[in-house]
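Each chain, letter by letter, is given below.
There are 2 protein chains.
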Amino acid sequence: MTNLKPLLHTVLSPALLDLYEIKDCVVVIIDVLRATSTIATALYNGATAVIPVDDIARCISISNAIGGITAGERDGRIAEGLQYGNSPFEYPREFINGKTLVLTTTNGTKLLHMALARGASHIITGSFPNFSAVCGYLVAQNKPVILGCAAWKGKVNIEDTLFAGAVIARIKNHFSIQCDSSNMAETLYETAKMDLYGFLKNRNATHFRRLTNFGMEKDLRYCLTPDLANVIPFYENECLVLQRGR
Amino acid sequence: MTNLKPLLHTVLSPALLDLYEIKDCVVVIIDVLRATSTIATALYNGATAVIPVDDIARCISISNAIGGITAGERDGRIAEGLQYGNSPFEYPREFINGKTLVLTTTNGTKLLHMALARGASHIITGSFPNFSAVCGYLVAQNKPVILGCAAWKGKVNIEDTLFAGAVIARIKNHFSIQCDSSNMAETLYETAKMDLYGFLKNRNATHFRRLTNFGMEKDLRYCLTPDLANVIPFYENECLVLQRGR
Chain C
125 MTNLKPLLHT VLSPALLDLY EIKDCVVVII DVLRATSTIA TALYNGATAV
175 IPVDDIARCI SISNAIGGIT AGERDGRIAE GLQYGNSPFE YPREFINGKT
225 LVLTTTNGTK LLHMALARGA SHIITGSFPN FSAVCGYLVA QNKPVILGCA
275 AWKGKVNIED TLFAGAVIAR IKNHFSIQCD SSNMAETLYE TAKMDLYGFL
325 KNRNATHFRR LTNFGMEKDL RYCLTPDLAN VIPFYENECL VLQRGR
Chain V
125 MTNLKPLLHT VLSPALLDLY EIKDCVVVII DVLRATSTIA TALYNGATAV
175 IPVDDIARCI SISNAIGGIT AGERDGRIAE GLQYGNSPFE YPREFINGKT
225 LVLTTTNGTK LLHMALARGA SHIITGSFPN FSAVCGYLVA QNKPVILGCA
275 AWKGKVNIED TLFAGAVIAR IKNHFSIQCD SSNMAETLYE TAKMDLYGFL
325 KNRNATHFRR LTNFGMEKDL RYCLTPDLAN VIPFYENECL VLQRGR
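Just so you know, the sequences run in chain order C and V.
Counting in this note's numbering, the final residue of the first sequence is number 370, and the numbers go up one at a time with none missing.
Counting in this note's numbering, the final residue of the second sequence is number 370, and the numbers go up one at a time with none missing.
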């Protein structure tokens, strides 16, 4: 028996995933604005499952087959043919409890499928609303971790990097971190943590700006607030479900 | 005539270059520890040219053909078959003046060839030793800029990102920056700028650690000091030469 700590790496974009050993890792899919925040929220509020899909046609066909709720946006508006959007506020308990949400998300779903194909041991989703649950899970697993930022069409984004940095700041003593991306993410988070919203605004974060242009300040503030929906969305059989007793 | 400022983007790894429009851009190849620092130094000290190559056999054959000096390291030691290493201190004026250096560098050369293939307008190399020269050149060109970090085998590194951040902090008012990587790089630099050496050390930067293990503190401090070799290495005809009158 050794007392070596498991490795933790941060992958700043799906386009960099091939550079990392994924097999037998716990992979955290991070898509802060807003997919993984909304996934945590829907499950926290009683959704039976969230099925992440990468396009609208597939969203509709799966939903028809299982009697689910279709959701997704294009350019900040509910996509044609779907019922709901990407906002966590669309999924309160009185609406989503007991239902299955079929959610189109391009960046996060792509990364999730890549991690699966590369042999990840477990895949969960992370966001500020389920921050402490994710941190607790990673420490308890005692396995190597990949913090996978969904990014934006492959380009590194600030908000996903900030979340990776927040996780690292919380759990770094439990892991061996020999990863510049992780150290950069943590530095960024330490700089920003007193006011994440103000930091993204002042730093002119590109996706933050896209969303504020649509008047989504309430969503943005929610998606940057820790622990409002502290569950662990766990990917199995193409669904994200609450992990129980693993 | 418009007064739109040219765009500036930071590409944190060669593995991300395909996501960016390169055509007609000025591309700055950044490989702080130590390739681009050594290139600036050799040219500043009178080298006729520096020829960057990606492997040792090619280094030797080119050098034999032109009567050059072979240089390159593997695992921190002069590579077998080559004459000199990667340290800027190996290339003082009394040695390198009037000579051509054939330098093996994997990360930077790869990025340089990619940028060339993608139609970059001009390619130069950047490092702290030629910091102000690079900044002045970019402002004077008034063209779109790609700050291209050579990274380490594709993985993002702190020191190249810091240099990109330093450039952005200096010249951002001359450019339109809608790029999270650039904003992250600038934030990192602002956090680190009072003591770049201490920052890399405290943040356990991976390549910094590799080099300190070989006792290269003097090299590291030099490579983090601005403006000790303020020239612009300009890539043309497979050589880096001092740019004159363009």
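Calculated from the structure, these hints are not laboratory results.
Heads up, some of the hints might be wrong.
As the list claims (entries may be wrong) - For the chain C half of the interface with chain V, some residues (derived, Cβ under 7 Å), not all of them:
(1) 184
(2) 186
(3) 189
(4) 279
(5) 280
(6) 281
(7) 282
(8) 302
(9) 305
(10) 311
Claimed, not checked - Here are the simulated lysine-lysine pairs, DSS-like style, with alpha carbons at most 27 Å apart:
(11) 317/C / 296/V
(12) 325/V / 129/C
(13) 277/C / 234/V
(14) 267/V / 277/C
Built from N, CA and C at the ideal position, the CB exists for glycine as well.
Okay, the hints, checked on the actual structure:
no. : hint          : verdict
1   : 184           : violated, 29 Å
2   : 186           : violated, 30 Å
3   : 189           : violated, 35 Å
4   : 279           : holds, 6 Å
5   : 280           : holds, 5 Å
6   : 281           : holds, 5 Å
7   : 282           : holds, 5 Å
8   : 302           : holds, 6 Å
9   : 305           : holds, 5 Å
10  : 311           : holds, 6 Å
11  : 317/C / 296/V : holds, 24 Å
12  : 325/V / 129/C : holds, 21 Å
13  : 277/C / 234/V : holds, 23 Å
14  : 267/V / 277/C : holds, 25 Å
Consistency with the previously given hints fails for numbers 1, 2 and 3, ordered from lowest to highest.
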